[in-house]
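Asks: Taken in order, these protein sequences are the chains called A and B. Under the UniProt record's numbering, the first sequence has 87 at position 87, and the numbering climbs by one with no breaks. Under the UniProt record's numbering, the second sequence has 199 at position 199, and the numbering climbs by one with no breaks.
Hints are supplied without guarantee of correctness; some may be wrong.
[Claimed, not checked] Distance windows between CB atoms, simulated:
#1 A/G132 to B/A18: 32 to 42 Å
#2 B/R127 to A/G49: 39 to 49 Å
#3 B/G132 to A/P8: 44 to 54 Å
These are computed hints drawn from the structure, not numbers from a lab. On a predicted model such as this, the values are computed, not experimentally measured, just so you know. We put the CB at the ideal spot given by N, CA and C, even for glycine.
There are 2 protein chains.
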Amino acid sequence: MPFSLDPPVSIGLIGFGAFGRLVAAHLGPHADLRVHDPFVPAGAIAETGAAPATLAEAAACPVVILATPVATLAAVVENIAPHLRPGALVLDVGSVKVRPAEIMRAGLPAHIDIVATHPLFGPQSARDGLRGLKIALCPVRGGRTRRVGAFLRRALGLTVILTTPEAHDREAAAVQGLTHLIAKVLVAMEPLPTRMTTRSFDLVMQAVGMVRHDAPEVYHAIERENPFSAEVRRRFFALAARMDAELGEGASR
Amino acid sequence: MPFSLDPPVSIGLIGFGAFGRLVAAHLGPHADLRVHDPFVPAGAIAETGAAPATLAEAAACPVVILATPVATLAAVVENIAPHLRPGALVLDVGSVKVRPAEIMRAGLPAHIDIVATHPLFGPQSARDGLRGLKIALCPVRGGRTRRVGAFLRRALGLTVILTTPEAHDREAAAVQGLTHLIAKVLVAMEPLPTRMTTRSFDLVMQAVGMVRHDAPEVYHAIERENPFSAEVRRRFFALAARMDAELGEGASR
C-alpha cells in the first residue's frame, strides 16, 4: 500500500525546486524520501534532511513524484522509464493536467500506475500549513487514486478534488490563468499605491503577493500549456475593451 | 466646534443611498442628524432612527454632509447654497476629489468652510465596523480639517489620511480604478469556478465581492470623473496586451 506509515514507504522525488522542497517538507515525516535534482548538489539536498539519490535510485522507489516543470516532463518521463519497478506509482504535480497526463500515459510502461495531481497551492499559500488547502487528483492509469486521496486527506489535511485532466484544465484556465495574468500586469504597473488603499485593493495585492515569486515556469505552464488559457485571456481582454469603450463614450469630460 | 458630543451638534445629511445610510448609522450616536433625500420617503428615513428633514432644514445645520453621487454634486451645491448658515462646514464623501473640490469651492459662499473627504470603504468593507478603515481628507477652505480628522480618528476609529485632491485622485485612479475595472470584467465572465480554486483566486473574488454591489454611480465616478483613470486603464491594457503577445509568440502548441 503506498503511503503506509509503518514501515515508511520509499518515495522518489524528482525535482527539488521551490515546490519539490515543499513536497519534501510535508512528506518527509511520512516516508523515506530519495531526492534527485540534476541542478541541486547532493549536499544541499542532505542539508534539508532528505536523502540525495541518483536518478536511477529515486526512480526505483515504489512511489515516484515528478516535481519538475511541465515543459521538461516529457524528457524526465523518458529518463526515468528504464529504472521504474513494475507496479510502481508515478505522480506529477504540474499546474496543468491534460498534457502531463498524455505525456505520462504515453511515456510510462504499462505496468506503472499513474495519478496526475495538481496541488492548488504553493510555498506562499502553504506558509501556515497545508490544512484545508486543495489538491486535484486525476486517475490516469491503475486504481490507486482513492488511496492516494485518503492519505492526502488524513495525513496532510488536504481537501481532495477528484476530477479529469480536461475538467481540471478548464477550471484552472480561469482560476490560475486570470490570477496570474492580473498579477503579472499589476506587478508591471508598480510602484502602486500602498497608503490610500481600500480593503478590496489590499486583497487583490495580497493575491498578487502569493503568486509574484512563483517560478516563471509556473506562469508559462498555466498560460501556455493549458489548452483553455488563451480562450480565457481572449474573453478577459474582449470584455475589458468593451468596458473601456463604454466608459469612453459616456465620459463627461 | 463641530462634532462635539455634548451637546450633540446638528448634522445635515443630504443623500440617503447606501453610503448615506452608512454615514447615518455611524454618526447617529454622536450627532443630531437631519436627513434629506428627495428620492427616499420621510417614513423610510424615520424608520432608521434618523430625523427626516426638508432640504432647507438639512442645509441649515452647522455641519452639512453631501452623500450624493458625484455626477449630481453641482446641482446639490446650487440647491443648498441659499440655505447654508454663515460659518457652516460642508463635506462631501465622493470617490474622486479634484472635481468635487472645484465644484464646492466655486458653488459654495465664501463664508462656508469646506472639507472634501473620501471614505475608502463602503457598506461591504465596513460590515464589521469602521475601526482601522481609511478616510482621505482634503482641506478646501477654512481651517477645520484637522479637527474633523481628530473626531474621525477618536470617535470612529478611522485612519485619517491628509492629502490634496490631485494627490488623492492620482492614487485612487490606481487603487479604485484597477479594482473596479478588474471586478467588472470578472463579474462579466461569470460563472467562474468555485470549487477548484487557489487562495489567491479566492482573495481576488473576495475583493470582487466587496465592490460588485456598489451603485453604478460609484463605478462611473471612479472611472469617468477621476482625471487620471483613463491613463491607468491605458497602461493596464497596454501591459496586458504585451503579456498576451509574449505568450502567443512563445506558445509551445
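Asks: Does each hint hold? Answer for all of them.
Replies: So, going through the hints one by one against the coordinates:
Checked against the hint of 32 to 42 Å, the C-beta distance between A/G132 and B/A18 comes to roughly 33 Å, which is consistent with it. Look at B/R127 against A/G49: about 45 Å separates their beta carbons, and that is inside 39 to 49 Å. B/G132 and A/P8 have their C-beta atoms about 48 Å apart, which keeps the hinted 44 to 54 Å range intact.
Of the numbered hints listed earlier, not one is contradicted by the structure.
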